[in-house]
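Trainee: Take a look at the letters that make up each chain.
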Amino acid sequence: MLEAARFPVVDTCVIADEQPLIEDALRRLATQSRLVVTTGGTGLSVRDVTPEATRAVCGRLLDGLAEQMRAEGLKETPFAVLSRGVCGLLGATLVINLPGSPQGAVCSLRAVLPVLPHALRLVVDANTPHPVPHPASHPAPRPVDPTGHPGVPVSAPVDDEGIRPSGPDTVAEPLSDPESAV
Amino acid sequence: MLEAARFPVVDTCVIADEQPLIEDALRRLATQSRLVVTTGGTGLSVRDVTPEATRAVCGRLLDGLAEQMRAEGLKETPFAVLSRGVCGLLGATLVINLPGSPQGAVCSLRAVLPVLPHALRLVVDANTPHPVPHPASHPAPRPVDPTGHPGVPVSAPVDDEGIRPSGPDTVAEPLSDPESAV
Amino acid sequence: MLEAARFPVVDTCVIADEQPLIEDALRRLATQSRLVVTTGGTGLSVRDVTPEATRAVCGRLLDGLAEQMRAEGLKETPFAVLSRGVCGLLGATLVINLPGSPQGAVCSLRAVLPVLPHALRLVVDANTPHPVPHPASHPAPRPVDPTGHPGVPVSAPVDDEGIRPSGPDTVAEPLSDPESAV
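Protein chains in written order, with our numbering: chain U, 1 to 182; chain L, 1 to 182; chain P, 1 to 182.
What the hints contain is simulated information worked out from the structure, not anything from laboratory work.
Check each hint, because a few of them may be wrong.
Short derived list, chain L residues pointing at chain P, Cβ under 7 Å [stated by the list, open to error]:
#1 Cys-13
#2 Val-14
#3 Ile-15
#4 Ala-16
#5 Gly-43
#6 Leu-44
#7 Lys-75
#8 Val-81
#9 Arg-84
With a Cα cut of at most 27 Å, we get these calculated DSSO-like pairs of lysine-lysine [what the hints assert, rightly or not]:
#10 U/Lys-75 - L/Lys-75
#11 P/Lys-75 - L/Lys-75
#12 P/Lys-75 - U/Lys-75
Glycine included, each C-beta is placed from N, C-alpha and C at the ideal position.
Given these sequences and hints, build the entire structure.
Mentor: Below is the structure:
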């Protein structure tokens with residue numbers, strides 16, 4: 001689904017439901033990519049802490065994206081209001097929490113996918129200094145091309161929907177400027 | 001209203017509008033119950049601090065429930081957008097802030113009541129380790145039965161709607177496993 | 001637009017996109033006014049930190065107002081979900097973040113303007129103690145009259161819409177009780 005929308009997947013990983021591990025994974029993936037999508041860990045179980053990890057590492061939140069995912073989900077099920085996923089910016093990388101259920105994840109991603117290319121353009125525009133987690137590795141800030149680089153290798157397979165069916169997986173989308181990836 | 005929905009009320013109390021006192025009450029009630037409902041203290045007055053107390057004690061928030069309460073309220077009054085109530089999880093207990101006005105409280109509770117049984121099932125499922133504020137008193141984690149135990153005594157009366165008309169009251173719903181209540 | 005709604009503008013200023021400077025400006029304007037409206041700095045660019053400054057200084061948030069601004073914006077553009085503006089209370093002063101684009105700012109302000117007079121009445125009612133950032137300068141708490149005092153001088157001009165077209169400007173609305181302003 002992400003690849004169909006011209007977001008080539010550069011990395012995926014499966015992380016245990018431990019907040020410090022998820023935070024570490026988010027920080028690492030944010031150095032590789034402008035978009036990090038997580039699935040799972042957004043529910044009410046005491047082990048569901050992906051939103052907390054995301055809040056902890058993202059200096060700035062995007063409440064409107066999470067609201068939109070729930071509003072669209074509500075058209076399918078009243079239980080969409082229970083999804084606790086958040087969206088935020090970790091430096092110049094957009095992090096999006098999707099639910100763990102495949103239907104919920106697809107519905108949520110579909111709710112925000114149309115605005116993601118524009119969102120990624122806004123994060124880094126030509127007039128904006130471009131601090132990232134490791135600025136030394138990004139000597140030449142440039143405008144983002146959200147269509148990405150289709151040739152970027154995908155480090156792990158994903159299922160037909162581009163989403164793993166369960167667990168707090170993270171799927172990293174490529175840096176628009178992959179040669180500067182650490 | 002809560003009892004009609006098969007949530008027997010096990011405790012109620014009236015707390016002054018002081019954030020530390022509200023936090024203490026929430027922590028105490030969360031040891032007795034899987035659902036704690038507050039009324040009042042969600043407005044804009046400088047003494048309205050129930051949401052702040054709730055955020056302070058709840059490690060995890062449920063923004064979607066609060067959004068849903070406001071969205072339903074908006075069908076009755078444009079001033080529903082001013083309600084600052086939040087919902088969150090204090091360990092394995094769900095905390096819900098309702099407005100202090102009886103109409104607002106009823107409307108808000110009605111907005112989320114249909115999903116509460118499922119929500120409480122999700123908080124503790126059979127496959128989930130079950131940390132609670134006082135784990136020693138909960139030696140045998142079990143799946144939640146949100147219909148509760150109708151025989152649990154109610155420690156204070158509530159009005160016909162199951163809601164007190166004003167003040168930052170808290171109404172505690174029973175533990176599904178009341179014999180483990182402290 | 002604000003003046004047409006009987007909110008006379010008492011001060012405006014233009015602040016650089018630096019969180020500490022925005023926080024200082026918000027704190028200063030809150031001593032002069034019951035309503036502070038910012039424009040700009042709510043986007044995704046790494047320099048957009050007005051919501052973070054607002055969260056940092058506002059002890060209490062009003063999520064419903066921000067939701068309402070985005071919901072109304074969504075009727076005009078799908079990109080409204082990307083606005084990160086927040087609303088909150090700094091003591092007894094209401095702070096509202098509007099987007100930097102004139103269309104976005106007008107749309108967002110229009111979404112909440114009808115409830116602002118009532119909101120300001122709720123912040124300070126006759127039965128409520130009235131702590132403010134500098135309580136010593138407010139010896140006589142009084143009910144707010146949100147129609148304000150049309151004679152209060154406006155310290156800087158604003159454009160026809162009452163909103164500056166760009167930058168993290170702040171527009172302070174008058175104290176209802178201007179003789180107590182510091």
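Trainee: Look at each hint and say if it fits the structure.
Mentor: Now for the hints, and whether the structure bears them out:
no.: 1; hint: Cys-13; result: violated (22 Å)
no.: 2; hint: Val-14; result: violated (17 Å)
no.: 3; hint: Ile-15; result: violated (17 Å)
no.: 4; hint: Ala-16; result: violated (13 Å)
no.: 5; hint: Gly-43; result: holds (6 Å)
no.: 6; hint: Leu-44; result: holds (4 Å)
no.: 7; hint: Lys-75; result: violated (13 Å)
no.: 8; hint: Val-81; result: holds (4 Å)
no.: 9; hint: Arg-84; result: holds (6 Å)
no.: 10; hint: U/Lys-75 - L/Lys-75; result: holds (17 Å)
no.: 11; hint: P/Lys-75 - L/Lys-75; result: holds (17 Å)
no.: 12; hint: P/Lys-75 - U/Lys-75; result: holds (17 Å)
Hints 1, 2, 3, 4 and 7 from the list above are not met by this structure, while the remaining hints are.
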